[in-house]
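Visitor: Assemble the whole structure, with the sequences as input and the hints as a guide.
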Amino acid sequence: MPVESWLLFVVITLVPVVSPGPAIMLAISNALRFGTKAALISGAGNATGVFLLGYAVTSGLGALMATSAIAFTVVKLIGAAYLLYLGIKVLRDRSAFRIEDNPVAARNSGIRLFGTALIVSLTNPKAVFLIAALFPQFINTQASVFLQISILSATFAGLCFLNHAFLAVFGGRMRRYLQSEKIMNRVRRGLGGTFIAFGAALAGFTR
Numbered sequence: 230m231p232v233e234s235w236l237l238f239v240v241i242t243l244v245p246v247v248s249p250g251p252a253i254m255l256a257i258s259n260a261l262r263f264g265t266k267a268a269l270i271s272g273a274g275n276a277t278g279v280f281l282l283g284y285a286v287t288s289g290l291g292a293l294m295a296t297s298a299i300a301f302t303v304v305k306l307i308g309a310a311y312l313l314y315l316g317i318k319v320l321r322d323r324s325a326f327r328i329e330d331n332p333v334a335a336r337n338s339g340i341r342l343f344g345t346a347l348i349v350s351l352t353n354p355k356a357v358f359l360i361a362a363l364f365p366q367f368i369n370t371q372a373s374v375f376l377q378i379s380i381l382s383a384t385f386a387g388l389c390f391l392n393h394a395f396l397a398v399f400g401g402r403m404r405r406y407l408q409s410e411k412i413m414n415r416v417r418r419g420l421g422g423t424f425i426a427f428g429a430a431l432a433g434f435t436r
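Positions in the sequence shown are counted from 1; adding 229 to them yields my numbering.
Note that these hints are calculated values from the structure, not bench results. Computed from a predicted structure; not experimentally measured. Keep in mind that the hints are not guaranteed to be accurate.
[As the list claims (entries may be wrong)] Calculated lysine-lysine pairs in the DSS-like style (CA-CA distance at most 30 angstroms, straight line):
#, residue 1, residue 2
1, K318, K355
2, K355, K266
3, K318, K266
Guide: Pasting the structure below:
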């Protein structure tokens, strides 16, 4: 792949990478609730999901979802239901937003944080259609398609992780200044409501 094409791909993908969405809200939520390290683990889960989607979509998942109403609806509803679940969980779990002596943070394993972000990433139909529309524009069928898909997927995933790393550090530092229970309750309600709103929007998403 020519360097010029790769750089153009980077510039184009920066827009969806930094655009607000469920994955970014999850990164912010984890940074504020559990700290920088937890948000970095979550970011790794999201990046892994993006990388896997790159292969899956270019291997036929994108075409399947574009032509099969059942496949599209199943992925969409799973993603929407999971976002609604996360929103309700955030709204109900007051202890997770207590900065000092946070028992929820202690029992939130890296596997759970990684897995949650992975599921959110893999069940986002908007990401599927974005990859399906974008990747083919940069793939030269006269060269190694597998290598090009690997480069594009790794680049997209890497950009996502860098964005999440920034949010993790920023959110982790902000967490130190949000020690007021009143403020954290507002943050909790805002994040929970946003997850629910994203879930509802995803449920109504059409191709």
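Visitor: Output the numbers, in ascending order, of every earlier hint that fails for this structure.
Guide: none
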